[in-house]
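**Student:** Sequence:
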Amino acid sequence: MGIDHFSLDSNIMSGGVAIFDFNNDGFDDLYFNGGENPDKLFENIGGKFFRNISSSSGIASILKDVNTMGVVAGDINNDGYTDLFITTAQKNHCYLLKNNLGTGFTDISLEAGIDQAVWSSTATMGDYDLDGDLDIYVGNYVEYNGYPFSINLTNPIIDFFYQNNGNETFNLLPSPLFEKDTGATLVASFTDFDQDGDSDLFVLNDYGDIYEPNKLLLNTYPKKTMQEISVLIGFDNEMQSMGLATGDIDEDGDLDYYITNLGDNYLLENQNASSFKNISNEKNVIDGVGFSWGTAFIDINNDSYLDLYVAKGSIFADNDSQANKLYQYDKVSEKFIDNSIAEGMAEPNRGRGMAHGDFNQDGKIDFAVSNVRAKESNEGRALLYINQNRNSGNWVKIILEGTESNKSAYGASIILSSNGRKFIKEISGGTSYLSSHSNTVHFGIGEIEKIDQLTINWPGKKTESFYNLSVNKTYKVIEQDKIYSFNANYVEICEGERIFINGERKTSAGIYRTIFQGTDGLDEISITRLEVNKSADCVGKNIIEQQPINNNYSVARKWNELLLKSIRNDFARPTVHARNLYHTSIAMYDAWAVFSDEAVPFFLGNTLGEYAVQFEGINTSKNIEIAREEAISYACFRLLSHRFKNAPGSIELRYDYEDLMNELGYDTSITSTDYRHGSPASLGNYIGQQLIDFGLQDGANEAEDYTNQHYQSQNSPLDVDKSGNPKINDPNKWQPLTLSIFIDQSGNITGNNTPDFLSPEWGNVTPFALEKSESTTFSKDGFDYRIYYDPGKPAELSSSLKGLNDPYKWGFAMVAVWSSHLNPFDGKMIDISPGAIGNLKLSDLPKNFQQYKTFYNIKEGGDPSPGHKKNPITGSSYIPQIVPRGDYVRVLAEFWADGPDSETPPGHWFTILNHVNDHPQNEKKFAGRGKKLEDLEWDVKSYLALGGAMHDSAIAAWGLKGFYNYIRPISAIRYMSDIGQSTDKELDNYHPEGIPLIPNYIESIKEDDPIAINYPERVGKIKIRAWKGDHFINNRDSDVAGVGWIMGNEWIPYQRPSFVTPPFAGYISGHSTFSRAAANTLALITGSNFFPGGIGEYNANKDEFLVFENGPSKKLTLQWATYQDAADQCSLSRIWGGIHPPIDDIPGRQIGHLIGIKAFEKASNYFNGNPYIEKKAFEISVYPTPVNSFETLKIMSSETVTKNIKIQLFDLSGKLLCQELTSKNNDKEFSFDICASNSGIYILVGIENGKRIFSKKIWVN
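Start counting at 1 in the sequence shown, then tack on 39, and there's your number in the numbering used here.
FYI, nobody ran anything at the bench for these hints, they're computed from the structure.
Keep in mind it's a predicted model, so treat the numbers as computed, not measured.
Certain hints may be false.
Across the chosen pairs, the derived CB separations fall in these ranges [claimed, not checked]:
| id | residue 1 | residue 2 | range |
| --- | --- | --- | --- |
| 1 | Thr1224 | Ile1052 | 54 to 64 Å |
| 2 | Gly549 | Ser94 | 19 to 29 Å |
| 3 | Ala651 | Pro1031 | 50 to 60 Å |
| 4 | Glu386 | Gly273 | 30 to 40 Å |
| 5 | Phe888 | Tyr1222 | 19 to 29 Å |
| 6 | Asp369 | Val1058 | 14 to 24 Å |
| 7 | Thr193 | Phe217 | 10 to 20 Å |
| 8 | Asp823 | Met1235 | 29 to 39 Å |
Calculated lysine-lysine pairs in the BS3-like style (CA-CA distance at most 25 Å, straight line) [claimed, not checked]:
| id | residue 1 | residue 2 |
| --- | --- | --- |
| 9 | Lys545 | Lys573 |
| 10 | Lys841 | Lys1045 |
| 11 | Lys898 | Lys886 |
| 12 | Lys964 | Lys1295 |
| 13 | Lys521 | Lys436 |
| 14 | Lys1295 | Lys971 |
| 15 | Lys500 | Lys521 |
| 16 | Lys219 | Lys130 |
| 17 | Lys970 | Lys1296 |
| 18 | Lys436 | Lys501 |
| 19 | Lys867 | Lys898 |
| 20 | Lys1045 | Lys898 |
| 21 | Lys880 | Lys1254 |
| 22 | Lys1242 | Lys1290 |
| 23 | Lys512 | Lys436 |
| 24 | Lys880 | Lys908 |
| 25 | Lys1154 | Lys867 |
| 26 | Lys1254 | Lys1296 |
| 27 | Lys489 | Lys521 |
| 28 | Lys898 | Lys1024 |
| 29 | Lys464 | Lys374 |
| 30 | Lys1141 | Lys867 |
| 31 | Lys512 | Lys87 |
| 32 | Lys316 | Lys461 |
| 33 | Lys262 | Lys501 |
| 34 | Lys1045 | Lys1024 |
| 35 | Lys886 | Lys1233 |
| 36 | Lys886 | Lys1296 |
| 37 | Lys545 | Lys684 |
| 38 | Lys521 | Lys461 |
| 39 | Lys1153 | Lys867 |
| 40 | Lys1245 | Lys1296 |
A virtual CB, placed ideally from N, CA and C, is assigned to each residue, including glycine.
Working from the sequences, and respecting the hints, build out all of it.
**Tutor:** Listed below in structure tokens is the structure:
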């Protein structure tokens, strides 16, 4: 993670560590003393890696050639930034380094009065006189006149006690210890051992058997004296004291202390501040072997019981490493157990200082250990332990900020009370060995799910209490203010990108702090550290800012491009934006259609749902084209200004809307809606306002920001950063996810890390072409859910069907298996050209479980699509494109994840439509027939058809999502893996609801399995060969997580860690529904199933395109022959991405197929001036639907056939393919042989006596 350091000291004593937040970005940074080596300051970059800023911060130049010993961190001037105090050896004075507001450090030692030059080993900060600022006690070591000092030492040096004057200067007070009581101090620590509100002082000495034993100095505040009571209280241990840990191990409300030593270590149980009892042997932490140094009580697994870490290391010049120790508390035996090897922490080294904190903000304690060398050739480097325990319990972290007390709140104690237990910790400046822990206080609390009471005892015994707090959160308490939720985020963007923080557009690196109303009733302090990656690769892969809108575009296209930008600058809500696209398309079309001699408006003068729109027509003196452009612009300006007024990017968007109006020459101060005098501007305003009013009553609950009115989740949230899924109530139902930070698909940071279900009641929104007769209303939980095209409930988890015989288990196991395909280096090469992929017939879609298993290739991935033999436009075969499968599926997953620039799936298809519109081979003949349309007419018509299809897709898909409320893969896979396997009843881990075993993909862990090394508790658990996840990515520009064996209950989709899975149920797939509906709509609009030129392409450059990790490893091009091919690949991408099982996919495709056709037909009726088509005298129905190529189609008529009828088949370009003459048979049924060779939409026409008597669209496979 970027840490490369060791301390060099011929005396083998140096090696302090400080963990503190140097720049107040919410992430703890890391300081190492170097001894004779340079000290180093490492800046924590969002918990991802550390950056050496020793030079830029001034540390390197200030401490050049200074032999340093230890470090303590604290805010000595109460400016809100943490300063440093450095102790030194070889007769250097100590250094007081002032923090320059997070930009660097300045040496103020001499002017502050820190000028005594001796061997100072340690220091501690505390407000001993309770005047609101930090005083400093410096523990000095010994004088010596040769090396090794251990046999050439002479006298201990009296300690220094600096009293803070409050103006960045200090007075040197007389030492509270007489010269005769002076020892060789190695540890000094302010601690309130008697809990009376003032800080007492521990002075722990080396060579206690030669010079002086340990000392305890009682603070006699308000006398401002320190009384030595070591003998009186039994603290005068004669030992070689080296380190100190503080914690309440017996939960009796006072602090106990662990002192490291040469030989036996001491665990001193506090006897109600009257005496101390050494219980190290009783608790199994006496150690007794080697040299022990830095130490701390930490809850390594958040089980609510304090564990103990001890850094070990010899004092000999040669390599003589000793293994560090981790003692974990066992609540059964009430003793500590040495788990150093099992937890991977027994690495031999020459440990000295150690300090702890939570570097990556995941609620689990991490720590760093300094190592010292006597000479350069020795072994050993600093160790950084990042806690990856996925089975840890709940936690709470507390940050204190003093106002009357010192800013660092040193001397304060924190008490958590819950379930009859109390946990106490204090904040202290300097402890362990030469080190300083993070000021963010961490509590592991096991299975506790609510904090009954949080009590803060500020210095001086001033008390504040707070109640009923949630767990797994960080809180910040500001003295005499209130308690806040606290959240620190790290976001990296590429140069040229933007992100919105609290509604403000940010493009520059920086630390941004905001306070807003949180979801738990508390205000939340949110800090976002924004980094800008300026590498060329990054710039090429993900630029959000769009090029200026092309002046040659129609006015409708200009507003559509601005609408797409608005969606990118808003919260990512597919349902809401499908509706925005639809309503804006209505505005454009109606503003165009009112001036048409043929087309009729869709909205004006009609009733939509229960909303009637009055319209009396308009007469204008202006040129029709000018009037249309003006009306469209005012309608869009008014509607978009309203719809995006609360978007994170609302300020920028408002300027964009006004800029476009100014560019077009329109006055935005015109707000009248009275169009009766012929003003196109007023007409546009009227259309926009009517759509606004309509939208406030169409069932979307826009007035309350689209919030859910009835839906309640049936499952408790899944904490993604933890192993397993222990809190799920129903494994068939959707489960919310709790993330360390939630960033939606448009790059917006929200304060809610457990996002709610988006739009579960959307089935009740007023549709475009969906008809009430195609819907069913179901009552559930007091709400009437309207759903369209009900496919029936999805497969539920079975306790009777074993393994892969259960459709539920098979489907989610397939998602897990396909995750193993995300490896570009596995040697698997595939052809992704249209000649190998695509041309899937609608009738090929599976209809039952057995067909599902045949349709999807569970082990190799993909579907049975045969590809296209030739490009029908060029007549040539498609050129093969052989690429690594792992590259293809990763690019596919990211391309379709949310659109190339985060305009959500419905907006993504509008970008595809616009791309098609710009293609020189797109003739813009509506439905491929008739005259070529002007750009404006083409745009408004195609936008209405596609907008209606996208809106209806959202209504149909989310209506089903809300009602069936089906589980997502991450929840199902973790749940099944947690409880076992359902394949082999003979195995101990059999469970009827467990995950199926699939050799080489999903297996039980055996004793000799590499994944169980050092983790014997994993034996018998489930492992999955899958994408290894974001934990294996430090730098997205260079790292690839890869595929390997992971714990099944830690499985993760191929997504960003700040998103993971969309916040709504899976069944049915929105992507499948949107895409199939859009594909059919585009095919009908353009008159061809094929992209212009017979191929649509999107390039993904090597090492540039991917965002989740680096890649692809080779350049590749996504290619599709038809719009339906693109839709089918989109559907598969969601399985490879880990977002949907197959059961979500197929119904989405089928429903989208119907929606696309119906939306186009309805839009076309308005374009043709016949929105209300009367029942024809001669109607037909056909079967089978769809019909296969060269199959016989049965035609049934509403009237008896008494005359010969000519049946003709046309493609969408109007080309006659074949015709037959039927003989009169006085029957209502006749047949026709299909002559189409390619799948797609065709027109069946009947001619009688030279007149067309019917025309019907049919689908040919």
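**Student:** Indicate, hint by hint, whether the structure satisfies it.
**Tutor:** We went through each hint and held it up to the structure:
1. The beta-carbon spacing between Thr1224 and Ile1052, approximately 58 Å, falls within the hinted interval of 54 to 64 Å.
2. Distance hint check: the CB atoms of Gly549 and Ser94 are about 21 Å apart, consistent with the given range 19 to 29 Å.
3. Between Ala651 and Pro1031 the beta carbons are some 57 Å apart, a value that agrees with the proposed interval 50 to 60 Å.
4. Between Glu386 and Gly273 the CB atoms are about 36 Å apart, so this pair conforms to the stated range of 30 to 40 Å.
5. Checked against the hint of 19 to 29 Å, the C-beta distance between Phe888 and Tyr1222 comes to roughly 25 Å, which is consistent with it.
6. A C-beta distance of roughly 20 Å is found between Asp369 and Val1058, which places it inside the suggested range of 14 to 24 Å.
7. The beta-carbon spacing between Thr193 and Phe217, approximately 19 Å, falls within the hinted interval of 10 to 20 Å.
8. Distance hint check for Asp823 and Met1235: the Cβ-Cβ separation is about 36 Å, which falls inside the suggested range of 29 to 39 Å.
9. Restraint check for Lys545 and Lys573: the C-alpha separation of about 15 Å stays at or below 25 Å, so the hint holds.
10. Pair hint Lys841 plus Lys1045 holds up; C-alpha atoms about 22 Å apart against a cutoff of 25 Å.
11. Simply put, Lys898 and Lys886 have alpha-carbon atoms about 21 Å apart, close enough for the 25 Å limit, and the pair holds.
12. Among the hinted pairs, Lys964 with Lys1295 is consistent with the structure: their alpha-carbon atoms are about 20 Å apart, no more than 25 Å.
13. With a CA separation close to 16 Å, the supplied pair Lys521 and Lys436 stays within the 25 Å bound.
14. As the CA atoms of Lys1295 and Lys971 are separated by approximately 23 Å, the hinted pair is consistent with the 25 Å bound.
15. Between Lys500 and Lys521, the direct Cα distance comes to roughly 17 Å. Compliance with the 25 Å bound is thereby established for this hinted pair.
16. Straight-line distance between C-alpha atoms of Lys219 and Lys130 comes to about 22 Å, which keeps the hinted pair within the 25 Å bound.
17. Annotation: proposed proximity of Lys970 to Lys1296 holds, straight-line Cα distance about 21 Å (limit 25 Å).
18. Proposed proximity of Lys436 and Lys501 is supported: the alpha carbons are some 21 Å apart, at most 25 Å.
19. As the CA atoms of Lys867 and Lys898 are separated by approximately 12 Å, the hinted pair is consistent with the 25 Å bound.
20. Distance hint between Lys1045 and Lys898 is fulfilled; the C-alpha atoms sit about 23 Å from each other, no more than 25 Å.
21. In summary, the hint linking Lys880 to Lys1254 is supported, as the alpha carbons are separated by about 22 Å, within the 25 Å threshold.
22. A C-alpha spacing of about 12 Å is found between Lys1242 and Lys1290, which places the hinted pair at or below 25 Å, so the restraint holds.
23. Pair hint Lys512 plus Lys436 holds up; C-alpha atoms about 7 Å apart against a cutoff of 25 Å.
24. A C-alpha spacing of about 15 Å is found between Lys880 and Lys908, which places the hinted pair at or below 25 Å, so the restraint holds.
25. For a cut-off of 25 Å, the pair hint linking Lys1154 to Lys867 stands: about 16 Å separates their Cα positions.
26. Note on Lys1254 and Lys1296: the hinted pairing holds, with a Cα-Cα distance of about 14 Å set against a maximum of 25 Å.
27. Distance hint between Lys489 and Lys521 is fulfilled; the C-alpha atoms sit about 19 Å from each other, no more than 25 Å.
28. Among the hinted pairs, Lys898 with Lys1024 is consistent with the structure: their alpha-carbon atoms are about 24 Å apart, no more than 25 Å.
29. Between Lys464 and Lys374 the CA atoms are separated by roughly 20 Å; this keeps the pair inside 25 Å, and the hint holds.
30. Proposed proximity of Lys1141 and Lys867 is supported: the alpha carbons are some 18 Å apart, at most 25 Å.
31. Proposed proximity of Lys512 and Lys87 is supported: the alpha carbons are some 20 Å apart, at most 25 Å.
32. Proximity of Lys316 to Lys461 is assessed by CA-CA distance (about 22 Å); at most 25 Å being required, the pair is judged to hold.
33. With a C-alpha separation of about 19 Å, the suggested pairing of Lys262 with Lys501 holds against the 25 Å cut-off.
34. For the suggested pair Lys1045 and Lys1024, the alpha carbons sit about 16 Å apart, so the restraint of at most 25 Å is met.
35. For the hint linking Lys886 to Lys1233, the alpha-carbon distance of about 22 Å falls within 25 Å, and the restraint holds.
36. Only pairs whose Cα atoms come within 25 Å are accepted, and Lys886 paired with Lys1296 is accepted, the gap being roughly 23 Å.
37. Taking the CA atoms of Lys545 and Lys684, the gap is near 18 Å; set against the 25 Å cutoff, the hint holds.
38. Restraint check: the Cα-Cα separation between Lys521 and Lys461 comes to about 22 Å, which is no more than 25 Å; the hinted pair holds.
39. At most 25 Å may separate the alpha-carbon atoms for a hinted pair to count; Lys1153 and Lys867 meet this at roughly 13 Å.
40. Straight-line distance between C-alpha atoms of Lys1245 and Lys1296 comes to about 16 Å, which keeps the hinted pair within the 25 Å bound.
No hint from the list above goes unmet by this structure.
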